[in-house]
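Colleague: From just these sequences and the hints, can you work out the full model?
Line by line, the protein sequences are chains A and B.
Using this note's numbering, the first residue of the first sequence is number 1, and each one after it goes up by one.
Using this note's numbering, the first residue of the second sequence is number 1, and each one after it goes up by one.
Worth flagging that the hints you see were computed from the coordinates, not collected in a lab.
For every residue, glycine included, the Cβ atom is placed at its ideal position computed from N, Cα and C.
Zero decoy hints are in this set.
So the derived label-pair ranges between C-beta atoms look like this:
no.	chain 1	residue 1	chain 2	residue 2	range
1	A	Asp17	B	Gly63	37 to 47 Å
2	A	Glu5	B	Pro61	18 to 28 Å
3	A	Glu5	B	Val88	21 to 31 Å
4	B	Met19	A	Arg61	40 to 50 Å
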Amino acid sequence: ILNVEQSPQSLHVQEGDSTNFTCSFPSSNFYALHWYRWETAKSPEALFVMTLNGDEKKKGRISATLNTKEGYSYLYIKGSQPEDSATYLCALYGGSQGNLIFGKGTKLSVKP
Amino acid sequence: NAGVTQTPKFQVLKTGQSMTLQCAQDMNHEYMSWYRQDPGMGLRLIHYSVGAGITDQGEVPNGYNVSRSTTEDFPLRLLSAAPSQTSVYFCAIEKGDTQYFGPGTRLTVL
Numbered sequence: 001i002l003n004v005e006q007s008p009q010s011l012h013v014q015e016g017d018s019t020n021f022t023c024s025f026p027s028s029n030f031y032a033l034h035w036y037r038w039e040t041a042k043s044p045e046a047l048f049v050m051t052l053n054g055d056e057k058k059k060g061r062i063s064a065t066l067n068t069k070e071g072y073s074y075l076y077i078k079g080s081q082p083e084d085s086a087t088y089l090c091a092l093y094g095g096s097q098g099n100l101i102f103g104k105g106t107k108l109s110v111k112p
Numbered sequence: 001n002a003g004v005t006q007t008p009k010f011q012v013l014k015t016g017q018s019m020t021l022q023c024a025q026d027m028n029h030e031y032m033s034w035y036r037q038d039p040g041m042g043l044r045l046i047h048y049s050v051g052a053g054i055t056d057q058g059e060v061p062n063g064y065n066v067s068r069s070t071t072e073d074f075p076l077r078l079l080s081a082a083p084s085q086t087s088v089y090f091c092a093i094e095k096g097d098t099q100y101f102g103p104g105t106r107l108t109v110l
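Modeller: Have a look at this one:
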């Protein structure tokens with residue numbers, strides 16, 4: 001069973017702080033890694049799909065990097081805003097059924 | 001939500017009752033799936049389908065049935081609801097390399 005680990009579980013930052021969190025996964029048989037943003041009472045929203053070692057993706061103040069050889073991805077948020085408060089999920093495309101295997105998420109709270 | 005609709009939004013059941021959670025999409029996507037979300041557990045795959053007439057089990061299939069008689073619809077059936085099935089249920093379609101989720105159904109089993 002593939003295991004996708006995210007750390008930290010939760011994070012509290014002040015508005016304006018930059019922050020980052022980690023997604024770790026088995027490095028063998030890598031196909032793709034997904035990042036999702038999930039606000040309370042809404043459905044998960046796709047942020048990035050990353051496939052290549054060394055990939056860097058950016059959307060506004062949010063960016064992500066990927067290291068498939070060592071099995072990790074970082075998500076960075078520059079100058080956090082209260083509207084960034086959400087749970088950030090990573091998911092590995094794989095498993096015996098070729099489906100998404102989700103981590104438990106990092107819950108970010110940004111205080112004004 | 002990439003054209004994915006789910007009904008109902010909220011449901012309360014008594015233990016032992018059965019019900020069907022509906023999921024529909026109008027974009028002709030072949031791949032559809034059902035997840036449940038529980039606190040501290042992330043999203044877990046219940047069942048999925050790669051096309052009409054084809055379904056398969058995910059990580060946590062017990063207590064649930066699915067069918068895919070059409071491309072548009074992928075209902076999830078709870079045969080005899082248990083309190084352990086209290087959760088938020090998301091239906092998803094796959095478009096390109098990304099899964100897009102419906103708005104969710106919040107189910108409480110008393």
